[in-house]
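Visitor: What follows is the residue order along each chain.
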Amino acid sequence: MDTDISIGTGNPIDRVEGRLKVMGLAKYASEFNVKNLAYAQGINSTIAKGTITAIDTSEAEKQKGVIKILTYKNADKLKHYEEELPAISTSSIQPVLQNADVHYYGEYVGLVIAETFEQAQYAASLVKYTYSEKKPDIDFDSSRGKAYKPTEKSDYSRGNIMQGMAEADVTLEQTYNTPIEHHHPMELHAIIASWNNGDVQAYASQQIIDDATITIADTFQIEKKNVRVIAPFVGGGFGSKLHAKQHVILGVMASKQIGRPVQMTVTRNQMFTNTNLRQRNEQKIQVGAKSDGSLTALSHDTLSHTSTYEEFQESCGTVTKMLYKTPNNKVTHRLMPMNLQTPFAMRAPGEATGSFALESAMDEMAWKLKMDPVDFRVKNDTQVDPSSDKPFSSRLLNECLKIGAEEFGWKNRPQEPGTKEEGNWLVGYGVSGASRRAPYQKTSAKVILELKDTKVRATIQMDATDIGTGSYTIIAQTASEYLNISVSQIDVELGDSDFPKTPGSGGSWGAASFSNGARAACENALTALEEKSGLKAADAGIAKMMQAGNLNLFEAEGTAEPDEEFKKHSVFSFGANFTEVWVDKDTGVFRIKRMLNVASCGKILNPKTAFGQIIGGCAMGAGMAIAEQTKVEPNYGNFITRSFADYHVPVNLDMANIDVIFLPEEDKIANKMGIKGVGELGITSVAASIANAIFNATGKRMRDLPITPEKLIVAQKEPELLNW
Amino acid sequence: MRPFTYTQAKTIQEALTASANNTEAKYLGGGTNLVDLMKEDVERPSQIIEVADLDFDTITSNDTGGFTLGAMLSNSETANHPDIRKNYPLLSMAMLSAATAQIRNMATNGGNLLQRTRCPYFFEASMPCNKREPGSGCGALEGANAKHAIFGWSESCVATHPSDMCVALAALGATVILQKPDRTSRTIEFTDFHRLPGEQPEKDNTILPGEIITAIDLTQPKFKTNYHYLKIRERSSYAFALISVAAGLKIFGGMITDIGLAMGGVAHKPWKLTKAEAFLTGKMPTTANFEQAAKLALKDAKILSENEYKVTMGKKAIVRALEQALAKTA
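Top line first, the protein sequences correspond to chains A and B. Residue 56 in UniProt numbering sits at position 56 of the first sequence, and the numbers go up by one each step. Residue 95 in UniProt numbering sits at position 95 of the second sequence, and the numbers go up by one each step.
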């Protein structure tokens with residue numbers, strides 16, 4: 001039976017929910033058939049800072065189908081923030097429509113509830129607002145004076161960075177910029193909310209079900225047990241659905257006010273203004289090294305912005321603390337409150353952006369040292385996390401780099417930039433190393449076993465979510481492995497706050513957490529059945545045990561959580577990315593020709609879904625490198641890239657053929673099943689790999705993302721190239 | 001979206017009559033631009049008159065030895081039509097570089113000529129824009145203008161025309177045929193069809209109220225061998241041109257005897273490079289001459305705060321498009 005790929009983990013089986021999805025039967029938040037539904041449409045501010053002085057709803061109220069219009073004047077009173085600039089979390093409160101103040105362009109200033117979506121949308125356009133406008137803080141450079149240190153943990157240092165730089169034979173100091181980006185999952189944020197005598201039921205597109213119930217309960221100041229959130233399918237999140245945003249609160253409030261269920265969908269245009277963003281990061285890196293390539297100093301100073309009403313810090317310097325061995329290290333983060341919406345975690349927060357800066361700088365240093373950039377990284381490897389002095393649970397970064405170099409044909413890369421031509425194209429190759437924390441969190445699950453005739457059917461329930469990653473499939477595979485029955489005998493039910501609690505999907509902790517939670521429930525079921533039946537699971541199998549115990553139905557719950565070994569180690573996934581680019585000699589046009597991603601992320605539960613995670617990450621990393629950018633209008637503070645025609649993500653033609661190698665590995669320190677996170681490792685360092693390849697092709701260092709033809713055509717070659 | 005009434009015209013007479021009765025009506029072709037703008041509350045017609053099913057959906061040979069393109073024919077059908085591929089490959093190439101396959105399947109030839117600018121100030125109803133709301137000012141003039149014009153702009157408007165098809169038509173030369181409300185027809189030279197913004201940026205072109213484009217006339221086949229459409233954009237599909245160049249050459253006896261050269265992404269209309277054309281006519285097709293022509297073409301460029309790169313990119317694009325055109329062999 002060991003060769004039966006329908007049993008157990010590690011097999012590339014098709015998604016168990018795939019058929020539902022292609023048949024349109026997988027229901028997403030706004031698709032549930034709820035009777036007597038009304039529709040709500042948010043109204044957005046058209047100034048970036050100021051106060052509302054008058055609201056005229058008369059024209060809108062006259063329109064057919066309009067049920068109610070909510071503004072700060074008649075909105076429910078919600079819980080207020082208790083401090084200035086409270087830190088935003090995945091479960092923090094989301095007050096909305098509480099006063100006349102406007103903090104950013106596009107902020108919700110009202111809500112129209114109507115019989116149809118079209119009626120609500122049209123009426124929303126007719127509500128007239130008069131503002132007393134103030135000059136908004138929307139310019140990054142002129143906000144520098146407002147920079148502050150958010151928390152004590154925002155800074156870190158070991159050794160002495162000045163001394164490390166002084167001891168170095170070769171030094172580098174450069175600044176790297178990443179622009180504002182938006183998450184933009186395919187499925188729009190949406191909710192269908194029903195308020196019934198203080199009980200809330202919400203179909204809501206959320207990554208973390210339990211935290212969504214907390215945000216709703218705390219914001220309305222009701223008991224968490226009175227809130228039920230349901231999300232069996234989530235069409236992507238990338239971090240934007242970690243936290244229940246204001247539309248969730250507005251949907252619930254609307255239902256409370258009109259006594260009917262209400263659907264609220266955030267439009268694609270509103271996805272730019274009402275669902276968080278990744279803020280612009282200005283990252284200054286200093287590197288010092290001896291002429292043999294050993295690092296003497298590394299520092300990473302990040303300047304970013306937060307909103308004027310909430311605080312979020314993306315820890316770009318995380319990667320610089322731990323990736324390479326260096327005695328002298330300094331990391332700082334500073335924030336500037338600006339009249340832009342609150343930023344929040346976007347795919348691989350910290351690592352995706354921080355690795356662009358660090359891995360670009362490492363490439364620049366290798367070039368200055370006249371070292372191969374693979375060798376330079378290998379030389380500075382460490383098996384102990386220098387920021388915590390804990391050993392890594394496993395770290396195969398060097399293996400990723402060496403195996404990748406071999407498979408990619410790295411040795412044929414010309415070390416001197418701009419020397420390989422193909423017609424009008426300059427060919428270049430880039431590499432980067434990657435790391436992504438592999439968190440694993442307390443997770444519970446329930447297993448329900450039913451015996452019919454001689455066959456067992458198992459149902460796993462947990463409030464985990466499948467955000468397109470393959471949670472249903474890997475949980476089914478896990479249950480199959482521990483119950484030793486076919487995947488086809490297992491049903492997985494997710495995304496309901498009535499089910500056992502999990503950390504939800506985010507931070508690449510889902511796979512390890514969900515699987516171990518399901519494992520624990522299955523192991524508990526087997527132990528209990530062994531007691532009841534007097535049989536051994538390994539010999540008898542689950543059906544015989546139930547028969548012997550005279551059981552037709554049996555339930556068990558289990559919880560898995562990090563153990564002492566986990567806490568004694570630093571647990572990360574590692575990887576390397578190799579890219580070939582072709583850059584036109586004259587026009588600024590370039591193409592990504594091929595990419596190889598080598599990943600070391602513990603046991604791979606399903607090579608097919610894991611492959612999808614990595615190539616998806618690479619595509620998003622390529623988007624970050626060459627396309628994605630939200631531009632702020634310099635005088636008014638609105639976003640001028642406000643649709644998919646203007647906010648570019650790569651198209652198929654932009655993408656290369658991506659090869660993925662998973663290093664065979666089981667990290668039993670990380671957790672009992674040996675699993676580490678996959679998804680976010682894929683995006684990490686891709687942008688640096690592409691930028692480094694462009695340097696190899698042209699001699700131009702592109703330190704401001706995205707790299708576009710208009711930037712590339714005016715960029716100058718590195719001055720040192722002349723003396724190289 | 002605002003409420004509107006919908007009228008399906010079965011004949012051109014029905015369309016013209018419906019339009020004459022309502023000055024707020026708009027004709028609907030493929031809807032790929034108009035409907036988008038209605039959703040954005042930029043276009044606010046009280047009536048939609050669908051003309052996509054009218055009979056002007058063929059490609060026929062005309063008495064100049066060329067071909068006539070029906071206005072209601074889709075961009076895909078036009079670009080892939082054997083007569084167009086064979087006789088005007090420059091047009092086919094330009095059209096196929098536009099938008100996406102899905103949009104090209106819907107978009108009509110007449111509608112392509114009438115598509116409106118992608119300027120973000122035009123699209124955002126709360127921003128100043130003289131094109132959308134005359135007298136409200138131009139937000140881009142001293143705002144975000146990296147993708148805006150370097151030729152022919154005015155203080156009132158610095159927007160560019162977004163079409164690829166029209167750049168090729170400017171290079172090839174064509175005539176636009178219109179049906180007037182009085183049911184007679186008139187023609188406009190293609191290069192006179194679109195206009196510069198001047199003091200009236202709300203007017204993209206010289207079409208008059210109620211008129212319908214019925215066809216585009218092309219004279220005898222041109223640049224069947226030496227042609228190229230170069231489009232520089234931020235991604236490989238579904239992106240408007242930062243700069244585009246349509247180049248057609250006729251080479252005889254080692255000399256350029258005929259040339260068509262036009263640029264996109266640089267002005268309120270497809271920008272025909274008449275000085276460069278004149279310079280190269282009768283000269284040898286050398287890189288040195290191409291570079292001279294490119295320099296001449298960009299001499300009058302007037303940059304805005306964020307679009308200086310377009311001058312460098314424009315020169316490089318002209319040279320490259322001409323070289324690529326020259327390199328093609330029958």
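Do not take every clue at face value.
Below, a list of computed lysine-lysine pairs in the BS3-like style, where the Cα atoms sit at most 30 angstroms apart [stated by the list, open to error]: (1) A:LYS442 - A:LYS567; (2) A:LYS717 - B:LYS39; (3) A:LYS68 - B:LYS39; (4) A:LYS379 - A:LYS68; (5) B:LYS26 - A:LYS711.
Just so you know, the hints here were simulated from the structure itself, not pulled from any lab data.
Visitor: None of the hints should be skipped; say for each whether it holds.
Guide: Now for the hints, and whether the structure bears them out:
Annotation: proposed proximity of LYS442 of chain A to LYS567 of chain A holds, straight-line Cα distance about 13 angstroms (limit 30 angstroms). Only pairs whose Cα atoms come within 30 angstroms are accepted, and LYS717 of chain A paired with LYS39 of chain B is rejected, the gap being roughly 45 angstroms. Taking the CA atoms of LYS68 of chain A and LYS39 of chain B, the gap is about 23 angstroms. The hint holds against a cut of 30 angstroms. As the CA atoms of LYS379 of chain A and LYS68 of chain A are separated by approximately 66 angstroms, the hinted pair breaks the 30 angstroms bound.
Restraint check: the Cα-Cα separation between LYS26 of chain B and LYS711 of chain A comes to about 40 angstroms, which exceeds 30 angstroms; the hinted pair is violated.
The structure is inconsistent with the numbered hints 2, 4, 5, although it conforms to all the rest.
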